[in-house]
Amino acid sequence: MNHLHCRIFYRDEDYLREIRAGGSRAEMAISCLYLKYRKRTITHLKKVVAKHTEFKAVPEDLLHDSFIVMLDKIMDSSCEIRTLAGFWVGIGKHLLLNQLKKDQRIILINDMEEIYETQAENMEWVVYDTDEDELLEKAFASLGARCKEILLLWINRHTMTEIAQVMKLSNAAMARKTKYECFKKLKELVRTGYIAGD
Amino acid sequence: MEELKLDNLIDQYLLGTINTHDKLLLERLMAEDTTVASKVQISKLAYKSIMLERNKLLREKLRTLDKNTSYEQRFASSWFGKVAMLIVVFILLYGLLAVYFCPVSIARRNFIAFTETTSIQIQRDDDAWRSATIAFRDSDFEKAIQQYVILASGSDPSQHHLAKWNLLMSQLAADGPSEHWQIAMQTYAFQTPGSMGEKAHSVLELFHSPVYKFWFFPLSRKFSSLKPRLI
Numbered sequence: 116m117n118h119l120h121c122r123i124f125y126r127d128e129d130y131l132r133e134i135r136a137g138g139s140r141a142e143m144a145i146s147c148l149y150l151k152y153r154k155r156t157i158t159h160l161k162k163v164v165a166k167h168t169e170f171k172a173v174p175e176d177l178l179h180d181s182f183i184v185m186l187d188k189i190m191d192s193s194c195e196i197r198t199l200a201g202f203w204v205g206i207g208k209h210l211l212l213n214q215l216k217k218d219q220r221i222i223l224i225n226d227m228e229e230i231y232e233t234q235a236e237n238m239e240w241v242v243y244d245t246d247e248d249e250l251l252e253k254a255f256a257s258l259g260a261r262c263k264e265i266l267l268l269w270i271n272r273h274t275m276t277e278i279a280q281v282m283k284l285s286n287a288a289m290a291r292k293t294k295y296e297c298f299k300k301l302k303e304l305v306r307t308g309y310i311a312g313d
Numbered sequence: 013m014e015e016l017k018l019d020n021l022i023d024q025y026l027l028g029t030i031n032t033h034d035k036l037l038l039e040r041l042m043a044e045d046t047t048v049a050s051k052v053q054i055s056k057l058a059y060k061s062i063m064l065e066r067n068k069l070l071r072e073k074l075r076t077l078d079k080n081t082s083y084e085q086r087f088a089s090s091w092f093g094k095v096a097m098l099i100v101v102f103i104l105l106y107g108l109l110a111v112y113f114c115p116v117s118i119a120r121r122n123f124i125a126f127t128e129t130t131s132i133q134i135q136r137d138d139d140a141w142r143s144a145t146i147a148f149r150d151s152d153f154e155k156a157i158q159q160y161v162i163l164a165s166g167s168d169p170s171q172h173h174l175a176k177w178n179l180l181m182s183q184l185a186a187d188g189p190s191e192h193w194q195i196a197m198q199t200y201a202f203q204t205p206g207s208m209g210e211k212a213h214s215v216l217e218l219f220h221s222p223v224y225k226f227w228f229f230p231l232s233r234k235f236s237s238l239k240p241r242l243i
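From first to last, the protein sequence lines are chains A and B.
The first sequence begins at 116 in the numbering used here and counts up by one.
The second sequence begins at 13 in the numbering used here and counts up by one.
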């Protein structure tokens, strides 16, 4: 990543605008945003993690997870963001506390059987969530390489014209059609996976 | 509603780009028709499966950025450290050579002080010799020159050579290796037999050595105002 490219971004508003625009503009803004606040955020998160010795994960993982959550929140235009650095740290702290609560819950279940019944519902959700992710990952992995690439471009909000250019398709309409077919295929794989799982 | 239009609405709903009117329409359709609700549900799951892959790729990208950043930092710090060390070594070396080749240092190194041995050799004018030596050691080179001029005019040849040598050293310390001084030194080297003559030659060679020319000569010409401070 060439740092010189990041000089076009000055304020948080520039990052928000570019990330929300999606596509290749967003890709560059994401890298630049990460590089801009990475050091500051990891320093904050390391301090927080140091206070919670029971937290097992490394601060870098927390940094990455919170960054991804932040990107999703940025995409959701309704979310009001004052400063991106503060927002990132806030999400990181929130994720850490959530993870601690989750870990505590699992420990309690292991140690005290009488609590198991009261927590069972939540635990089921946790297990179900992991299983669901596995199923979904498997479904996506079953797709062809071309379909995977098109769907990833689509989810990253590249325009159909951009997708057509990247995938060397004749035009935007062709890209739209291919994306439609691929998504349909994926939905079918997800549905089949769930039926087989049941 | 036709299927293609519904799929488009669902796509917009998943991407979060749907407008309020279409969102209400889709939510109403979902509430009224279970087939639509199930279609949206499956689409959400499919969308989530792509998101999981996207997040995985994004994590890899962030790790790469981390690696590159730490590599750049390490490279920058090591590069900075090496350059800083090189500069320090260069300054130290320059300082040492400047001191070594400084005319005053050369004169002090080669000056023959008045001791018991020399006093036996020269046998007389002890006080004048002692006084000249003290003047030289106190960096009062002008006084030392005056006294060695008187001592050099004596008839004793050993006293003459020694006084002449110290006179040349005092002149070197006072004015540096001027052309006049070099001519006088050359004359002394040719006229004086034995070890003193050899010593004079070696001192002259020092001023013509490439190291002296490289380190001291440009400094004396171009940075004459900086020279005394550096020395």
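Keep in mind the hints are simulated off the structure, nothing from the lab.
Keep in mind it's a predicted model, so treat the numbers as computed, not measured.
Treat the hints loosely; a few may be bogus.
Below, a list of computed lysine-lysine pairs in the DSS-like style, where the Cα atoms sit at most 30 Å apart [said to hold, decoys possible]: (1) B:K60 with A:K151; (2) A:K294 with B:K51; (3) A:K217 with B:K73; (4) A:K188 with A:K299; (5) B:K155 with A:K283.
Negatives, chain A to chain B, calculated, CB over 10 Å [as the list claims (entries may be wrong)]: (6) L150; (7) H179; (8) L212; (9) E247; (10) N271; (11) N286; (12) M289.
Glycine residues also receive a C-beta, built at the ideal position from the N, C-alpha and C atoms.
Tell me if the straight-line CA distance from K294 of chain A to K51 of chain B falls inside 30 Å. 17 Å, holds
Given the proposed pairing of K60 of chain B with K151 of chain A, does the C-alpha separation stay at or below 30 Å? With Cα atoms ~28 Å apart, K60 of chain B and K151 of chain A stay inside 30 Å; holds.
Was N271 of chain A rightly flagged as not at the interface, with every chain B Cβ beyond 10 Å? Given that some Cβ of chain B is not farther than 10 Å from that of N271 of chain A, nearest at about 7 Å, it is violated.
If we take the beta carbon of L150 of chain A, is the closest beta carbon in chain B still more than 10 Å away? Given that some Cβ of chain B is not farther than 10 Å from that of L150 of chain A, nearest at about 6 Å, it is violated.
Does the claim that E247 of chain A lies off the interface hold, with its Cβ farther than 10 Å from every Cβ of chain B? 8 Å, violated
K217 of chain A paired with K73 of chain B [C-alpha distance capped at 30 Å]: 27 Å, holds
For M289 of chain A, is the shortest CB-to-CB distance to chain B above 10 Å, so the non-interface label stands? Given a closest Cβ separation of 15 Å, the condition holds.
H179 of chain A clear of chain B by more than 10 Å, beta carbon to beta carbon? At roughly 5 Å from the nearest Cβ of chain B, H179 of chain A sits no farther out than 10 Å, so the non-interface label is violated.
For a C-alpha distance cap of 30 Å, please report whether K155 of chain B and K283 of chain A respect it. At roughly 94 Å apart (the allowed maximum being 30 Å), K283 of chain A and K155 of chain B break the hint.
Grab the minimum beta-carbon distance between L212 of chain A and chain B and tell me whether it stays above 10 Å. 21 Å, holds
Least C-beta distance from N286 of chain A to chain B larger than 10 Å: Consistent with the label, N286 of chain A stays out of reach of chain B, its closest Cβ about 18 Å off (over 10 Å).
Can the restraint linking K188 of chain A and K299 of chain A be considered satisfied, given a maximum Cα separation of 30 Å? Holds. K188 of chain A to K299 of chain A sits at ~27 Å (cutoff 30 Å).
Going down the numbered hints, you'll see the structure goes against 5, 6, 7, 9, 10, while the others check out.
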